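**Student:** Below, each chain spelled out in residue letters.
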Amino acid sequence: MSEHEESINTEEEIENMTLLVFAGDLDKVIGAFVIATGAAAMDIKVQMFFAFWGLNALRKEGYKNPRKDFISRMFGWMMPKGANKLKLSQMNMMGMGSAMMKRVMKKKNVMSLPDLIKTARDLGVEFIACKMSMDVMGLQKEELLDGVKLAGVATALAHASESRTSFFIS
Amino acid sequence: MSEHEESINTEEEIENMTLLVFAGDLDKVIGAFVIATGAAAMDIKVQMFFAFWGLNALRKEGYKNPRKDFISRMFGWMMPKGANKLKLSQMNMMGMGSAMMKRVMKKKNVMSLPDLIKTARDLGVEFIACKMSMDVMGLQKEELLDGVKLAGVATALAHASESRTSFFIS
Amino acid sequence: MSEHEESINTEEEIENMTLLVFAGDLDKVIGAFVIATGAAAMDIKVQMFFAFWGLNALRKEGYKNPRKDFISRMFGWMMPKGANKLKLSQMNMMGMGSAMMKRVMKKKNVMSLPDLIKTARDLGVEFIACKMSMDVMGLQKEELLDGVKLAGVATALAHASESRTSFFIS
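Line by line, the protein sequences give chains R, V and P.
In this text, residue positions in the first sequence follow my numbering: the first is 1, and each later residue adds one.
In this text, residue positions in the second sequence follow my numbering: the first is 1, and each later residue adds one.
In this text, residue positions in the third sequence follow my numbering: the first is 1, and each later residue adds one.
Please keep in mind that the hints were generated in silico from the structure rather than gathered at the bench.
Each hint should be verified, as a subset may be incorrect.
Stated by the list, open to error - Below are the DMTMM-like pairs computed for lysine to aspartate or glutamate, each with C-alpha atoms no more than 25 Å apart in a straight line:
no., chain 1, residue 1, chain 2, residue 2
1, R, 85, P, 135
2, R, 87, P, 135
3, R, 85, R, 61
4, V, 149, V, 115
5, R, 106, P, 69
6, V, 45, R, 162
7, R, 102, P, 69
8, R, 141, R, 115
9, R, 64, R, 135
10, R, 60, R, 126
Note that the coordinates shown come from a computational prediction; the quantities given were computed from them, not determined experimentally.
With the hints as constraints, model all of the structure from the sequences given.
**Tutor:** Below, the structure is given as structure tokens:
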């Protein structure tokens, strides 16, 4: 291996980041996207792997799918439908806390979660939905934002093994 | 140092993973074990370090220990006794959510948590219980699954410093 | 680059750790500080970046600031004021669980959170408060422990990219 190749490999390793987004709380998902967009703006290649509750952040707001079994429909109905519906992990107070948080963020010129998601995509952040989680929670590809890829945990682990920094956001 | 030695070291670094399992919720512990077994199947050497609530996943179901002080007995009685008793971090609904989740996982042919734990062990994943947490929560070695080693946080940090990927699962 | 310089760089990479402290629960913050002090004792350079609920661990107990808008005052009043006021993420039971935990830690000679914070500082652990989170939660620099620096997420990401181990504690 030449010295040049070696330095390219090192470079690649430094520039990657893997975020395993397991939580679906408004505050934690905002945290994940602040990190993702911040890293992408620093030219780091970011992959976000959404599993379990984290998938709720990727759900389309209006989508309805009648061809589901009973338990899947239950899950689908009980879980928040998309970025606008997520709740704070604490002090949610029947939605009052989440509304307050959104108002404050707007007032302080902090991007809203839907804007952070859009910015992440524009900056080339890759979104992967965990296939196994989707199966367990009865979510279908059509219910998620367009362009989200489906993959297994091995995809996230392979990316993590090429990343300098990896976080599990639970 | 010869070039050969250098490449061996790099290899070793790549192949390790450290998981600090701090949470004891059914969903999060399943997440931890899906990662651990997935990584082990990719020939990555995985160490799981269980601290605090995470220790509950390692408790033997039937074990009773009468020689404990009052607070330890309280803790022991209030915390879930083993992998089968863990609850979802959300939508637990007095156990109904956890039962639903287990049923769906079975139906979708996803391994149950006890099976994931067994598979992890078969794949050589190392289980370490945090000594300090055990002390604080009044848990004794005999209450944990056989073969679990006890160690301090320095052990986990040393393993993490030799790991390409490390996650804190809280 | 000489071989000597190369080995120094590698060394530096190994010795850094970045902790993103997002949670403000007593148990999780104790976990973060046990890791931080453990790593610092192993001569690892640790940076703790406190965001969102994690900021509550850095609040001064007695501080009052009347010059705040209504929502900031609400947040300030509802969130725990400093390390002594944090609550367990589970089994808090109106504060009884947290009190029990503190009592047990004292009995078992585990350092209290305020002592862990002091030890971390004495060992040279760097404390950074997330500027954006402070803005959103209406916290001001004077409300935080002396010597805490303010910075954006880019600071934490830059440190993480030079760290062997980075954890997101949520």
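**Student:** Please go over all the hints and tell whether each is borne out by the structure.
**Tutor:** For each hint, the structure was consulted:
1. R:85 with P:135: The given pair, whose Cα atoms are some 23 Å apart, holds under the 25 Å limit.
2. R:87 with P:135: Holds, because 20 Å separates the two Cα atoms, which is no more than 25 Å.
3. R:85 with R:61: Holds, because 8 Å separates the two Cα atoms, which is no more than 25 Å.
4. V:149 with V:115: Holds, at about 20 Å.
5. R:106 with P:69: Judged against 25 Å, a Cα distance of about 15 Å means the pair holds.
6. V:45 with R:162: OK: residue 45 of chain V and residue 162 of chain R at ~16 Å, within 25 Å.
7. R:102 with P:69: Holds, at about 16 Å.
8. R:141 with R:115: holds, 22 Å
9. R:64 with R:135: Roughly 17 Å between the alpha carbons, so the hint for residue 64 of chain R and residue 135 of chain R holds.
10. R:60 with R:126: holds, 17 Å
Every hint, counting from the list given before, is met by this structure.
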